Amino acid sequence: MSDIRPDAVGVTIEDLSLSFDTTEVLKGVNLSIEPGEFFTFLGPSGSGKSTLLRTIAGFGPIPGGRIKIGDDDVTRLPPWTRNVGMVFQSYALWPHMTVRKNVAFGLEERKTPAPEIRVRVDEALTLVGLLDLSERRPSQLSGGQQQRVALARTTVVEPRVLLLDEPLSNLDANLRIQMR
Amino acid sequence: MGAVAAPGFVLGIGYLRTFVEYNVPIIDKPLASWWVIIVIALAIRRLPYALRACVAALQQVNVMLEEAAESLGATKSRTVRRVVVPLMMGGILAGFVTSFATASVELSATIMLVNAESDAPLAYGIYEFMQSAAGRGPGAALAIFSVLIVSLATYISHHVIARTEKQRSAGGIIIAKETPARAGTTAGAATP
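Residue numbers (my numbering), protein chains in the order written: chain A, 917 to 1096; chain B, 170 to 361.
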């Protein structure tokens, strides 16, 4: 993360709390992530790491407190207006689309012109080393390859904030270094 | 789901009595004696089963697949169109085929509503033929057809479901093994 994008934004979380029924999952979370910072949550299983990431992305119930991305208060905004990319632990690739279609999805939703989509998808797939497999279905890929598709799918839209849930668990050592 | 509770026969009589007074404008005859009423009755009769097939298909679509689309900028309706419906298609198709096949051999509701023999569904034909000794042969032939239609439809819907499931099980949704934590697990990182 040596070169920070000029439009990089920080994330500020103020007194965030979230409960599922009577179980308090998040309570009084205060956090400030600088623009361009690489921030990691550590904690045992069930401690709410994924829940916190999901809340920042806009999934699940509306939490108490405030989430700010840059200067925007996004606490009550739906996920699709936040421009926050999230790579899911289970990858969540769409089984009915090819690798290329999966990666192109975000750009298509942003109404990017088709030639540009092609170029940027090629770039993203080259970066994760999967350009040769672009016409395959996710079911024809290994776990690590699927994970890289998920990563490419999210990074290709250049989100303001990139959230990774157990992001590199399935990559081998070399790829891990390359991805970082 | 309420439609399951009413026997087809009861539904048929109900439709007959209700719509006998309602004249369809252009063709100028009561709705109850128009072939469309059979279509409506069968559709209503099959609706709960078709609905159940759709619900099952919907439940098969992992919610994370929807969330992935939303986080990439797709609104709820766009997500439904591009992710949910295509993934439900197998289940919807299977439900449709089964509904069609079972409707074609259903007699209970249709027997009350058939007005012209030419409009009657297959099962009514069997019933008619079997009334007379001379009709036994053609009736039996029609019965063979109905068995064939139902088995073919069952096979198709089974095949469609098996295919979608194969595609899906090997697809995106494999729950990533949680890395057996050394000191704790890396949860995530946020960076612009």
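In case anyone wonders, no lab produced these hints; they're calculated from the structure.
Being a predicted model, the structure only gives us computed values, none of them experimental.
Where hints are given, some of them may not hold.
Stated by the list, open to error - Covered by chain B, according to a simulated footprint, are these stretches of chain A (three or more residues, beta-carbon under 8 Å):
1. 1031-1038
2. 1041-1050
As the list claims (entries may be wrong) - Listed next, with one range per pair, are the computed distances between beta-carbon atoms:
3. A:K943 - B:V173: 44 to 54 Å
4. B:I261 - A:G1045: 31 to 41 Å
5. B:G183 - A:D937: 53 to 63 Å
6. A:G1060 - B:V254: 29 to 39 Å
7. A:T956 - B:L227: 27 to 37 Å
8. B:L227 - A:D923: 21 to 31 Å
Beta carbons are placed, not taken as given, at the ideal position from N, Cα and C, and that holds for glycine.
Checked hints:
1. Only when three residues or more bring their CB closer than 8 Å to a CB of chain B does the claim for the stretch 1031-1038 of chain A stand; here the count is 0, and the claim is violated.
2. Counting residues of the stretch 1041-1050 of chain A whose beta-carbon sits less than 8 Å from any beta-carbon of chain B gives 0, not enough to reach three: the coverage restraint is violated.
3. Take K943 (chain A) and V173 (chain B): their Cβ atoms lie about 47 Å apart, and the range 44 to 54 Å holds.
4. A hinted range of 31 to 41 Å for the beta carbons of I261 (chain B) and G1045 (chain A) is consistent with their spacing of about 37 Å.
5. Checking the proposed 53 to 63 Å range against G183 (chain B) and D937 (chain A) shows it is violated: the Cβ atoms sit about 44 Å from each other.
6. Taking the beta carbon of each, G1060 (chain A) and V254 (chain B) are about 30 Å apart, inside 29 to 39 Å as hinted.
7. The hinted window of 27 to 37 Å between T956 (chain A) and L227 (chain B) holds, with their beta carbons roughly 36 Å apart.
8. For L227 (chain B) and D923 (chain A), the Cβ-Cβ distance of about 39 Å falls outside the hinted range of 21 to 31 Å, so the restraint is violated.
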